Amino acid sequence: MTPLLELRNGTKAYRGVPAVSDVTFTLEPGEVHALLGENGAGKSTLTKMLAGVVAPTSGEIFLAGQKVTLTTPSDALAHGIAMVYQETSLVPSLTVAQNIYLSDDRTFHRLRGLYIAGQQFLQSLNFNVDPTALVEALGAGQKQMVEIARAVHHNAKVIIFDEPTATLTPEEKYQFFALVERLRDRGVSIIFISHALEEALEISDRVTILRDGQHVLTARTAELDREKIVRAMVGRSLTDQLYGDSHDRKVRSAGRKVLSVQNLSMGKIVRNTSFSVFSGQVTGVFGLIGSGRTEAAKVVSGVMKRDVFHGGQVRLDGRPVRYRVPRPAVRDGIIYVTEDRKLEGFFETMSIAENIYMGAMAGGQTKSATISMGEMRRIATEWTEALSVRAINNDARVIELSGGNQQKVVVAKALVQKPKLVIFDEPTRGVDVGAIAEIHQLINRLADDGVAVMVISSYLPEILHISDRILVCRQGRIVEEFVGTQADEETIMYAAVH
Amino acid sequence: MRRLGSLSQEQIVFGLAVTLCVVFALTLPGFLTTNNILNLVRSVSILGILGVAMGLVVIGRGIDLSLVALMAISVASTLQLISTGLPLPQALVLGLGFSLATGLINGFLVAYVEIPAIFATLAMGTAIYGFGRYFMFNLDVIYFTPGAEALRWLGDGTVLGIPAPIVVFALVCAIAHLFLRYTKAGGYLRAVGDNYAAARITGVPARPMILTQYMIAAMIGFVAGLVTAASVASMNTRVANSTYVYDVILVVVLGGIGLSGGRGAVRNIVVGTLLIGVLLNGMTIMDIQYTVQNIIKGVILLTAIVIDTILNPRDEQTAQQGDI
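Protein chains in written order, with the working numbering: chain A, 423 to 920; chain B, 341 to 664.
Each hint should be verified, as a subset may be incorrect.
From the structure, some residues in chain B lie toward chain A, with a derived Cβ separation under 8 Å [claimed, not checked]: (1) N379; (2) S383; (3) G425; (4) P427; (5) P429; (6) Y522; (7) D534; (8) N535; (9) A537; (10) R540; (11) I541; (12) G543; (13) V544; (14) R603; (15) A605; (16) R607.
Label pairs and their calculated CB-CB ranges [unchecked claim]: (17) A:T494 / B:G638: 32 to 42 Å; (18) B:I635 / A:S810: 55 to 65 Å; (19) B:A514 / A:S810: 49 to 59 Å.
Everything labelled a hint here was simulated from the structure, so no lab data went into it. Bear in mind the structure is a predicted one, so any value in this text is a computation, not a measurement. We put the CB at the ideal spot given by N, CA and C, even for glycine.
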């Protein structure tokens, strides 16, 4: 049988770095196909190529045996391929029916006819949504139904879902699965990206697993189980060379308990989580995106606004603390090093020296109310040498540096504040290999000096390489704890997925 | 992307001002006389002082549309209090207090209530004007009374032959420059304007800093108001409803202070002020109609903003915040 949709030897490179390399992917008519893999495995990029959002660097796409070129999403839609994103693309101030028929001419006149057509159409899909309701008033699950209805209205033969269940309640999830069944019965083929293995095993017909941008396996779901999938997701080759074997290193023992978090809850993301961080030790926190690890760290360090704070207790050196803004946390020695340095890490109009000095001033390391150029240069030199920041001189602007050196400046700006507890959130994201090793050495040095270090990462080899203790975060709470050298990728991943 | 070729916007504007100067000097008789030059700088010094106030706020990634209303009403109130017999020092303290209180409310609305600066200060400007007209005085124009004569020096006096408004302008510039470059608070202000989230995470007192920047602007605005009033022996509060505040923004943006915050310094304001001064002076000597002058100013403001956008592209985050 000819596959309905096929990507043959697809490669997509961003600035020369392949996000997906040489992947062949096929979709049969009327099947539900789950796409699995770690963060950054290339799932989104693969589906974006199929939906015309990004153009493949090389490779061909075939639709029912015919070669097609999809340059825009509307191109893909005209060919019957629709993509439903995590954040919906609906217009909130319009009604359900108006949204479904948005690109048709009849949208804004003959409202009555629109609602009747919408009613009949939604009923034919067996969707329980009021066509006259405003989209902004709908829940996440109903919004998804409207998106799907719109896709079906455009005669979509293939619907691609990017993490469809991430924002749904259990009840809505159940409805979503039922809906997928109905779509399949209508002959629609479905690709869905998911982090939830159980879901994939439950509703898919076939599974494709990607790792580091490469195709690992495609198999019938019936032939797979949880263990096999986890092993395929984490099995590595490339990364072993970078990190070596991490099992023969020595694990630092815990010092005094610096941070203790009990039953912390925040919004929908952090759910009743409890954990501790000890001095003189690196505590690695692993979790998939959306598992609430960053949010928990941001609550502890006062970075996140606490409008939706639901309670819980944070103790620093045994003393209860509650930070509403980062400044008192910084003054108490809790420093959060952001995962997004461009957005909230450094000051782009300022030089390296000014950036580091700003940390010193804000952290209370400078006593005077005026800026001393001599002191600024001295502090900057001390830290750029300690972290071997490579730049022409310390008057160079941070924005002009490489990702690795930018990150080092952000780290220097934090460490100049003499922290008791440093929380590194994805410390090596977007950093070149050489700088990764240097940043890891620095983290080790900090722990040797008795600082409590917490490293959040969604990259397993990094967690295993750097941590003395590993916490695994899942669905807003810390669910497992391992001793650094005793865990392996599979056990950690097993704990992290649900 | 700060540079166009090898020139910054500030250098372009400075070059433009010099070019205009040369052209006017060659073509307009009487342009290049000491008298006219002093007159030129004097006529824009108030604009320049207000430019410093606005510039500090814009560097902190804000904007203060209430600046002119605040200046007019606080100074008019001061004059009104003097005319009712209050001694000058007390009246000045009250006027400054009113001004600072307004700045405090502006800053509170922006920093703590998190209203976009453009809306908060727009509404505040209207509110201040209404407040002044309803509670403080009934006339549009408040004149000097004998008790306020001592203030006249700010408008008429000279220091070593230099008119007092220019001296005040120079002083305000110098103090603002020292503040911005050499104090911790000035550094914080630039950090907050450059990247609010990063400043916050670094432990900079971000919200108090925003509060401070509006209060400083209000204080400088009060000084500008005193000079304005002293020059003509009265305060015309109708200026609060004019487009004067946009001239102030013109000076700031023209000089190369990016609306995206963090960029620029006091010298940018000086350069912007000079260009506007030369332009207005030249147009007045050429006897160009007021309405035509407005067209020219408008086109220049738009050009400056377009250049600003090209040189300092605003990131998505800024765009999402909906502020200017």
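Numbers of unmet hints, in rising order: 1, 2, 3, 4, 5, 15, 16 and 19
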